[in-house]
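A.B. asks: In terms of full-length UniProt numbering, the numbers along the sequence shown are unbroken and rise by one, the last being 86.
No lab work stands behind these hints, which were simulated from the structure alone. There may be inaccurate statements among the hints.
As the list claims (entries may be wrong) - Listed next, the in silico DMTMM-like pairs over lysine to aspartate or glutamate satisfying Cα-Cα at most 20 Å (straight line):
{"#": "1", "residue 1": "K27", "residue 2": "D11"}
{"#": "2", "residue 1": "K67", "residue 2": "D51"}
{"#": "3", "residue 1": "K18", "residue 2": "D35"}
{"#": "4", "residue 1": "K27", "residue 2": "E66"}
{"#": "5", "residue 1": "K18", "residue 2": "D51"}
{"#": "6", "residue 1": "K18", "residue 2": "E66"}
{"#": "7", "residue 1": "K59", "residue 2": "E24"}
{"#": "8", "residue 1": "K67", "residue 2": "E24"}
{"#": "9", "residue 1": "K59", "residue 2": "D35"}
{"#": "10", "residue 1": "K18", "residue 2": "D49"}
{"#": "11", "residue 1": "K59", "residue 2": "D11"}
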Amino acid sequence: METRGRVIGIDIGTTSAKMVVFTEKGKVIASHAIDYPIIQPNVGWAEQDPDVICAAVYKSVSVSVEKVMYYQKIFLQSVLVQLCTH
Numbered sequence: 001m002e003t004r005g006r007v008i009g010i011d012i013g014t015t016s017a018k019m020v021v022f023t024e025k026g027k028v029i030a031s032h033a034i035d036y037p038i039i040q041p042n043v044g045w046a047e048q049d050p051d052v053i054c055a056a057v058y059k060s061v062s063v064s065v066e067k068v069m070y071y072q073k074i075f076l077q078s079v080l081v082q083l084c085t086h
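The whole structure should be built from the sequences, with the hints applied where relevant.
C.D. replies: So this is what it looks like as structure tokens:
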């Protein structure tokens, strides 16, 4: 019996990286999220450390995929990133 592939969704947001693994029918079989800070060195300023964000994404993906290791195939991956600098 062949195991069906899975769908991965990754949301790299303003305050956290979230990852979800779905079946082809939309059932959630694993998920993980890691928060990261917004650094405010001065009033009205907002900064983020890209290394911290990348580490959160990597860890979120690793933990979620580890939960479903017995599924050999991932047939769709979606990464959402929204940047706004004003």
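A.B. asks: With reference to the structure, classify each hint as holding or not holding.
C.D. replies: Hint-by-hint comparison with the structure:
no. : hint      : result
1   : K27 / D11 : holds (17 Å)
2   : K67 / D51 : violated (24 Å)
3   : K18 / D35 : holds (9 Å)
4   : K27 / E66 : holds (17 Å)
5   : K18 / D51 : holds (16 Å)
6   : K18 / E66 : holds (15 Å)
7   : K59 / E24 : violated (24 Å)
8   : K67 / E24 : holds (17 Å)
9   : K59 / D35 : holds (11 Å)
10  : K18 / D49 : holds (17 Å)
11  : K59 / D11 : holds (13 Å)
The structure fails hints 2 and 7 (numbered hints given earlier, in ascending order).
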